[in-house]
Each structure stands twice: as structure tokens, then as C-alpha cells.
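Asker: So the chains spell out like this:
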Amino acid sequence: MLPLPTFSVLSPRAVSDAAQMLTDHPQARLIAGGTDLLPSMKYGLFTPPTLIRLGGVSALQEISVTEAGGLRIGAGVTLRAVGRDVRVLSLYPALAAATRTIATSTIQAMGTLGGNLMLDTRCAWYNQSTFWRGALGGCLKCHSAPEGAICHVAPKGKGCYAAHSADTAPGLLLYDAEVELVSTRGARRVAVAALYGDDGRDWIRRAPDELLTAVILPPPPAGRVVHRKLRARGSIDYPLLLTAAAFDPDRGPRVVVSSVGPRPVELGGVAEAWEAGGVEAVAEAAYKQVSPLSTHVWPAPWRKKMVRVEVRRALEAAISGV
Amino acid sequence: MPTEPDDDLVLTLRVNGDRRRLLIPANRTLLNLLRQDLGLTGSKHGCDVGDCGACTVLVNGAPRLSCITLAAEAQDAELLTVEGVAVGGALHPIQAAFHEQVAAQCGYCTPGFVMALKALFDERPDPTDAELNEVLGANICRCTGYTKILAAARQARERMNGRST
Ligand SMILES: Cc1cc2nc3c(=O)[nH]c(=O)nc-3n(C[C@H](O)[C@H](O)[C@H](O)COP(=O)(O)OP(=O)(O)OC[C@H]3O[C@@H](n4cnc5c(N)ncnc54)[C@H](O)[C@@H]3O)c2cc1C
Ligand code: SF4
Ligand code: FES
Ligand code: FES
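Chains as they are written, first to last, in numbering that gives the first Met the number 0: chain X, 0 to 321; chain U, 0 to 164.
Misleading hints may appear alongside valid ones.
[To be verified] Stretches of chain U that chain X covers, calculated by requiring three or more beta carbons in the stretch to come under 8 angstroms of a beta carbon on chain X:
no., segment
1, 79–89
2, 133–141
[Stated by the list, open to error] Across the chosen pairs, the derived CB separations fall in these ranges:
no., chain 1, residue 1, chain 2, residue 2, range
3, U, Arg141, X, Trp297, 40 to 48 angstroms
4, U, His98, X, Gly320, 30 to 38 angstroms
5, U, Gly106, X, Asp236, 46 to 54 angstroms
6, U, Ser163, X, Pro2, 46 to 54 angstroms
7, X, Pro300, U, His98, 29 to 37 angstroms
8, X, Ser57, U, Cys142, 36 to 44 angstroms
9, U, Asp5, X, Trp131, 41 to 49 angstroms
10, U, Gly60, X, Ala134, 38 to 46 angstroms
Everything labelled a hint here was simulated from the structure, so no lab data went into it. We put the CB at the ideal spot given by N, CA and C, even for glycine.
Isolated chain U (complex conformation):
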């Protein structure tokens, strides 16, 4: 007997440490799951087709564009969104650096940049400038320009490695 495909599925996952269990339609994107089902609107809806990076989240530590990821891919996964980056009310060094360097104007792209950099720093605590540039090249900012964003990324790197800036 052929296996019948599922129109809906029960998704179990952890979002920013909290266990969640939801019934969702099979065509739900991870971005819509976050924004509509879970009310986590930090991840942004930019282009919706994988071009801009505003919707970047971490799935089991790896960066993913949630607008072009099926929610089904997050079954049993550990999800981290920008809402879960600050620990105990204190900004993460990446967030603090964006704030101090004024690396946001409208701020729409900022959560995506923070998450893409978080993925990099988690993997390579002291990345080179070339590695920072490669990751910043994955995200589009339409207003600040990249100078201040790069400055913030460098400041975060220096602070997280115990060097003063």
C-alpha cells in the first residue's frame, strides 16, 4: 500500500529553549511558523524568496533562511531566533556592538545580520575579516551601508575574544 502523504503534521521542536508542539499545514514555512503561529516577529519578512537574509534563524546551530525552509524541516530541531540571543536580559555582544556602532537605521535587516554572525561566531570564535565579509555578504541592508555593520561585527569579535576596542 503506498504511503499517503500528510496534509498536516504535528511538529515538535524547541524554540529558544522552550519546547513546542503544534499542528501545522504541510506548506507552512518556518518564517510563517515563527511569526504567525508562535508570535515571534523578530525574524523579518524581507524578499520572501531567499535573496536578502532578513529571515535568518539557526536550526541545530546552522544558519537557515526561514522564508524558504519548510517548517517540517525543523521537526525535533533546536531553533534559535533573534528573540533568544540575549541572555538573562543582557544584550549579546553582537547586539551590543550593533547598538554601540549605530549599525542600524530602519533595523529591518538587523535580526538577520545578528543571526548570521551568531552562526559564524558559534563555529569560529575568532574569525578573520574575510570570514566576516563572507557572512555579511549573505545579507542585504538597504539603508545603513555595510561600513557600520562591519565595524559592529569587528567590535563583537574583539570583545568576545577579550580584546579591547
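Just chain X, same shape as in the assembly:
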């Protein structure tokens, strides 16, 4: 048995109460579905003294149409509800598809969209029990690691490369979605494209007192967006590689690759490659730009080869869907 550390709980009913509690208890962590947070706490990755439960905040559980003609999806809406919503299915099919590839049908009924966008970065050397990590002397991401701990992925480096693994992020980035962050200081919006940083220890540009309240989607783009997930089994597994591609007949293709580092990355030079050589050239450009590291149990060289394959497949699907 993996016991949970001791903590106390707070159960707000309103967003403003939750924001106030985050301000009053700076060491507290938010818990939504708990499907990322509780396994991590059982593994001793962190031990917050207090958990603020978002399950009772009903305002976070709504989906509504915006004035602009897009959708506003509350952070507390479950992945299952997102994946089944008729508006999401018709306007943002790649988002619905992404939610349906997350973990399992049971976990989709528990986990939330907000929790998914706030999912901790993952690494085969870090997401392990206290005992397992202790045998290796921990790593740079472990709070309890002794002095002299190294990164097992890039032992000479000072950075952490733990992989962004949230399935919904690449597609939301191509839909130009934003998130709303609320604190006692007010509300602000951040593009999903600007939400993440380059170090696996400090990957999210959210202030500690901020609560993610909603994902805001503008009206869908002209072309189709496609989400693809590479994983070991057809169920349960976290991604080995995530690819999203969009194809707008007027603007050409866009490609995002994720689970290869601390943030989803929109590839550069895609328009030029497309002009020069179509799908194959874009796939080749992706292969040259993306270098998976040994943050996963599956070999990085194979994952690199699959970048070319997955980008080609995603882009072909986006084009044929136009």
C-alpha cells in the first residue's frame, strides 16, 4: 500500500472563495479529479499541507457558447463530458478525440480539462515511488533530492526535460485557445501557446495564487485539426509522442509536437517546407527539428523516427478532411 501523506482539506463552493483560499494558504494545492495529483502524492513527489477541493465549485463545470461564436469550457468539466458534448464534437473534433485517448474511460469520467492542462510534466526517472527514486539518489526535479543529484536524461546539464504529456494541449494550441486564470488580484487570459515554459520543473506560467477557471475557444478555423497519439497500448498509457496538425486551404498547414520536452512546440518553417515539397517535406522538417530524449521507457531513437511518420499521418488526415 502507498499511503497518502497527512494533509487537511478545504472545500470552496465559489471561484472567489477558492481564489481567496489559495491566497490565504500559499502552500496549498488544488485538487480537481485528483487523477494526476493523488498518484504523485502517493509516490511522495510532493507533500502539500492542504488540498483545496474544486469538485464543489459548480461554476467551473459549465460549457457555454461565447458571443464570438466559440465555446467556453469550465476547468472542472470532466474529460468525458468534453468528449461527448455535441458542440465540442461538431466544432472542435480534435479536442473531443484527444479527451477520448486519455488514460481509460473510467479516468476520463474523473479527470477534468483544467487538470489536464495543468498536468505535471512526466519522466520515467521521476514518476516513480520514493523507494525507486531513492535508489538512484533522486534527480533535479525531486524536491527531496540530496545535493549533487543529477538529471539521468542529460547528466551534464542543469535543466530538466520532463515531458509535457497533456493530450488536449496540442489541439487546443492549434485552435488558438486561451485559458482564464483568476486570483484575488483579478482575472487574465493567456494563450495555450504561451502557457508553458522550457524547464520540466517550472513548466507552467501560472502564478501560485492563480486558479484556472475556463478554456476559451475562438470560432473554429476553416480547415480541419487532427490529433494523433503514439502510445504503447491502446488504453491506459501516457503518450510517447503527441502530434496535432491543422490544414487551412488558404493559410496552409500548422504542426504541433508534444511529449518530447516540457512544452508542446509548434514547428517552425512549416509553410516553407509545404511550399517546397508538400507533406513529405513537412514531415522531414519535423524530423530534423524534434529530438526526443530518454524521458520515456521506449527508446528515444525510435520515437524520433516516429516523429516523421506521425506528422505525415496527421497532416494527411487534416488535408483529406478539408
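Fit chain U with the ligands to the supplied structure of chain X, relying on the hints for placement.
Answerer: Below, chain U with the ligands alone, put in the same frame as chain X:
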């Protein structure tokens, strides 16, 4: 004045139809509440971190992995565990199908499969094979293999829809 967080809480809920009221520490998981506080050991302790599905229960009709659910989430909820699935001493058609198809060897995973399927059938009385597969993919069996479990799920579906198998 800031709200003080609770170290303990009084939980009121219904478990398999019975009303319960307990004082529990805030860090109690739903699985430990069931197994230790209520003595309901049908829900199993498998991986303890959300990977295997052996601890699946229904909270207000929705499937949940009780090992990674705080007991606090079940405040005022209607909880169904494998102990509450048989009605009046008669096995539920899902349980009967697992029995008839010999879809268990060690049986450790079985309560989780039964509960995951119960959640599906309650929502979609006549699911497709693809829907059955999706739900079976949420649970891990280490000994029987999935052929007999799928056969049991199909048999339950046919019987519950008045078709013979
Ligand atoms: C076996 C297993 C397999 C999984 N596979 C996948 C997978 O393939 N792909 C994938 O993307 N995920 C996967 N997950 C992770 C998880 O189920 C999902 O990412 C889920 O969407 C997380 O949502 P949650 O509500 O459960 O988050 P929680 O665990 O409640 O929270 C996750 C993090 O977000 C923070 N948080 C939650 N809500 C908010 C908010 N409103 N504002 C600010 N911060 C917040 C929490 O403090 C915590 O740090 C898997 C989990 C398990 C157990
Ligand atoms: S990338 Fe390195 S520092 Fe980061 S979690 Fe993995 S082993 Fe630790
Ligand atoms: S014991 Fe809960 S999922 Fe394995
Ligand atoms: S019957 Fe033994 S794990 Fe399934």
C-alpha cells in the same frame, strides 16, 4: 479571517443503500474508507495509483477509481460497490455471466470489471462491442486474459436485452 482547513471531516453518504455517518481524517482515500472503516473488502487494492481498475466503484452512478479518490469526494453521495450489485441474493446478470463463462482465475480483478461494466450498462443498456472493449480496456487482468472476460460482457449484454446466448 481565513477559513481554517479541516484535518478531519464528518462524512455522510449512502453505501449500497445504507446511510452512513463517519468521522474520518482528511487524507482518507475512498478505497481505505470502504475496506478499513466499513469492512467492505470487495473493492480491491491492486496498484494503488490508478493504473489497474481493481478498486472501481460507482459514485452517483459514475465509475471512479477509489484508490485515487478522496473519501471527501463522496460527501452526500450514493455509493455502489460490488457488495451491492446482487439484488435479493440473486447474482446480477454481469456477475452470473462472469461465473458461467469462467471469466476469473484469481478473481482479484473481477470486482473492478463488474463495476466498470455496471456503469456502462446503467448508462447504455445495449452497448456495441467497441463500447465494451473500451470499458474492458480500463481494467487490467493479469491471469484470465480478456477473451473470457469479453465473452462474459457480451453474454451479460445479450441476457439483459432479452436475447438468448
Ligand atoms: C493510469 C493513468 C493514465 C493517464 N494517462 C493520461 C494520458 O494518456 N494523457 C493525459 O493527458 N493524462 C493522463 N493521465 C492524467 C490525468 O488523468 C489527466 O491529465 C486528467 O485530465 C487530470 O485532471 P484531474 O482533474 O484529475 O487533475 P488533478 O489530478 O486534480 O490535478 C492535476 C494538477 O492540476 C492542478 N489543477 C487542477 N485543477 C486546476 C485548476 N482549475 N486551476 C489550477 N490548477 C489546477 C492540480 O493542482 C494538479 O497539480 C493519466 C492518469 C492515470 C492515473
Ligand atoms: S528530465 Fe532529468 S531532472 Fe527532469 S525529471 Fe527526468 S531525470 Fe529528473
Ligand atoms: S487499485 Fe485503484 S486503480 Fe489499481
Ligand atoms: S483473474 Fe486474476 S487478475 Fe484477473
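Asker: Does each hint fit the structure? Answer for all of them.
Answerer: Quick rundown of the hints versus the structure:
1. 79–89: violated (count 0)
2. 133–141: Holds: 6 residues of the segment 133–141 of chain U have a Cβ under 8 angstroms from chain X.
3. U:Arg141 - X:Trp297: 40 to 48 angstroms: violated, 22 angstroms
4. U:His98 - X:Gly320: 30 to 38 angstroms: The hint (30 to 38 angstroms, Cβ to Cβ) is violated, given that U:His98 and X:Gly320 are roughly 46 angstroms apart.
5. U:Gly106 - X:Asp236: 46 to 54 angstroms: With a Cβ separation near 25 angstroms, U:Gly106 and X:Asp236 fall outside 46 to 54 angstroms, so the hint is violated.
6. U:Ser163 - X:Pro2: 46 to 54 angstroms: 49 angstroms Cβ-Cβ, so the 46 to 54 angstroms window holds.
7. X:Pro300 - U:His98: 29 to 37 angstroms: violated, 48 angstroms
8. X:Ser57 - U:Cys142: 36 to 44 angstroms: Given a distance of about 43 angstroms, which is inside 36 to 44 angstroms, the answer is holds.
9. U:Asp5 - X:Trp131: 41 to 49 angstroms: For X:Trp131 against U:Asp5, whose Cβ atoms are near 32 angstroms apart, the range 41 to 49 angstroms is violated.
10. U:Gly60 - X:Ala134: 38 to 46 angstroms: holds, 43 angstroms
Hint compliance for this structure: hints 1, 3, 4, 5, 7 and 9 are not met, and every other hint is.
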